[in-house]
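Colleague: The primary structure of each chain is shown beneath.
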Amino acid sequence: MDFGFSSDELEFQRRVREFVAENMRPELETGISYVAGAGEDDRALAAAQAAFRQRLDRAGLLRVAWPKELGGEGLPPIYEYILRQELERNGLEPRVGMSLTSAVIAECGTEAQKEEFLEKLLNKELQMCAGFSEPRGGSDLAGLETRAVREGNDWVLNGQKIYTTYADCADFMWCLARTDKNVAKHDGISIFMVDMSHPGVTVRPLHTMGSYLTHEVFLDDVRVPNRHLIGGEPNKGWYQNTLALDVERINIGSYFSYKRFFEEVVAFARTDEFGTKAILAEPAMRLRLGELAVDLETLRQLANRNAYLVNENQVSSMVASMAKIWSTEFYYRLTSVVMQLMGPFGQLQKGSKWALLDGEAEVGYRNTPPTRFGGGANEVQRDVVARRGLGLPRSR
Amino acid sequence: MVKDPVCGNDIDDEKIDGPATHANSGAPVTDPKFGTKRYHEGEWYYFCSMSCRQRFIASPARYVGAGEEK
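Chains as they are written, first to last, in the numbering used here: chain F, 6 to 401; chain H, 1030 to 1099.
Simulated from the structure, these hints should not be mistaken for lab results.
The beta carbon of each residue, even a glycine, is placed where N, CA and C say it ideally should be.
With a straight-line Cα cutoff of 20 angstroms, these simulated EDC-like cross-link-like pairs (lysine to aspartate or glutamate) come out:
1) K73(F) <-> E121(F)
2) K241(F) <-> E156(F)
3) K1044(H) <-> D1060(H)
4) K1044(H) <-> D225(F)
5) K282(F) <-> E269(F)
6) K125(F) <-> E74(F)
7) K186(F) <-> E1072(H)
8) K186(F) <-> E1070(H)
9) K355(F) <-> E278(F)
10) K1062(H) <-> D1046(H)
11) K1044(H) <-> D226(F)
12) K241(F) <-> E112(F)
13) K190(F) <-> E1070(H)
14) K355(F) <-> E34(F)
Some residues of chain H that are not near chain F, with every Cβ distance over 10 angstroms (derived):
15) M1030
16) D1041
17) S1080
18) R1091
Short derived list, chain H residues pointing at chain F, Cβ under 10 angstroms:
19) D1046
20) N1053
21) S1054
22) G1055
23) D1060
24) Y1068
The following block holds chain H by itself, in its conformation from the complex (with noise of 0.2 angstroms):
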């Protein structure tokens, strides 16, 4: 489980990971409603939704840090 650095929730990375699914090529598909991640400087930051996701774009200094990365 790891903290989502917008809103503070836990969320399971290993959900938001998946696979649900596997698409044509094999590429694990990954089930949305359980959340989204976002590359930034190296690093790897959980979301519960794209909307935190999108704060988190907006400024993610004011993030970085705050929750558990991977």
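This is chain F alone, in the form it adopts within the complex (with noise of 0.2 angstroms):
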């Protein structure tokens, strides 16, 4: 039995590596540790991708998910996660189409809201950033304490994020902020679109291990209008949140730059040219190959599956963790057997003149931590497996 695509999937992921044949350029090709957003400052690198993605639309591929009534082509969201695979595939941004913020604009947005951010959000003419952590804990988000209380026609918003990446580059953000105090925590959030230019907003750099650069931002007083409040009612900002995740959901895996990375370092090491067809040799170091290639595979079948109940509107919260907790111990299961295999070469960072492999083990060994907390920590993530999956009782 072959879980594979249907025809017209097939039909259209030939029509996507048709195009990625044709438009390929060697200045758009990313590497493994872009997985963990390390080369996303290259302004070079986004000119040529923000090309790439205007020749995608051209070519009618960019808005297969995209609601019929704004102009897309309405498919399934399986249809998307091909797209973005033959992407990364390619070592292409992946990151293309339907966005956390984009979905839930399109579902619950006003008409005024969709106006506004949708096609810039696609063009990525507005770049975003996510307001969901806060100081006293990611992992508990409905207990988020950042309040927002109406003020004639605008709410005035007053807390503090953190772990907010691209808060130095982002115009707005995806701010969930507490509306009302007085009720169950999940019942009393909404969702903001905060304009970063606003007054009182502050952006506190925190310079992680990797070359991972995240923020706290301080919202002191900024107000914000009541038009830029998601769907327009306060409230429901848990339900359309949950919603944007269950779209980022489909996303989880990044099987394709691992699987790039993993046959590169192969073919590194049958080269020899730094005495590795010796280290092949060795018993240990051919088992720990060995090991990352079943790791891969365990990750395609999830991820795949993952992307299928999606797909099939049966989410799967349990699924969905799995591919993210494997995903990401795989990238760290991956840059360490490579460090181990480079010896001291690993160690040296991209530019050296002795980095192999264009030093990517190396920011890619540093970068795997940040990936292990972000969207989600992974110890959430088992402890979701353990009640979903397993039907043990919810934590204290």
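From these two lone chains plus the hints, build me the complex, please.
Modeller: Here it is in structure tokens:
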């Protein structure tokens, strides 16, 4: 039995492959470290990616999952999954099309919000940052303390977000805030599009390990117009955001980025340029590479299973959590083995004369911890597996 | 100047609020070396360091009212 795509999906995959073969340029290629956000400040790369997205749009491939009434194809999410897989397979930026933010605005936003934001989000003319985590804990999202109080036509926001990636370059923050303190915590949350240029927004950089820059964002009497309350009605934020996370789930995995890198590593190990043949003769190293091959195939199966369930509207938190855990921890195991294989050369950074595989192992190795925390820490994901998969009681 | 409610040190709230530089959006970006702050029960509290702020977050009742608030 083959868990493959349908004939229509395969036809779409063929169209994307044809397009990529014609439009691939070396300057568009990104390495494995891109999975964890490295290289996103590269302006030449960003410009090349923007031009590529325009060509993708002209070819009718960018708006596959975009709603029909908004000029899209309105196809099921599996098509966007195929598109992203094909881009990733070729080392191209896969995060195109529907984003967490645009999916919620398309589904729950007011007509004015769709008009104001959707096209700009699709074209990445607007950069977003996500205001989820707060200092008392990102894992208990519903316990957030940032408050929004209605004053005339505005909402006044006070509070603080932490680990806000892209806050330094974002135009808007997708900001969850408490609009009602007197109801159950899930029922008193709203989402605001907070203009980062508004008075009262302050950004404080947090330099973390790896090449990862994240931020704290302080909201100090920030006035947000009511038209930027998502959906136009308060206290719907938790449910709107759940929808966003479901959309985000289909993209968990990064299988092809890892596969490309793993294949490069195996090819490198075969060259014997740095005495790797002798290393490969060692049973321990062969076992490690064999283990990685098994892990990689497991990731493929989990990512496909997850995408299938999302597509069938049978969203499974358990499978999505498993895919997230496996993907990010595989990244760690992969880069660890590569560091071992390369010996002292593994620690050389990109740009160093003797850096092997363009220094990707070094930057990837340092970048793995943020991927394990981001998008819901792996410990929280394991708790989801325990509760929803094994039926164990909720933790305190 | 305000007092860090945890360690009692004097700290410059104006420097904590920045800006040292500006983000692309124009939002002020502060210099982390001056300290940080925390919104708690309708008030902002200023701290010399992340570790002081973490102590405050762990047991705010112990420190509320100890420093100057803004």
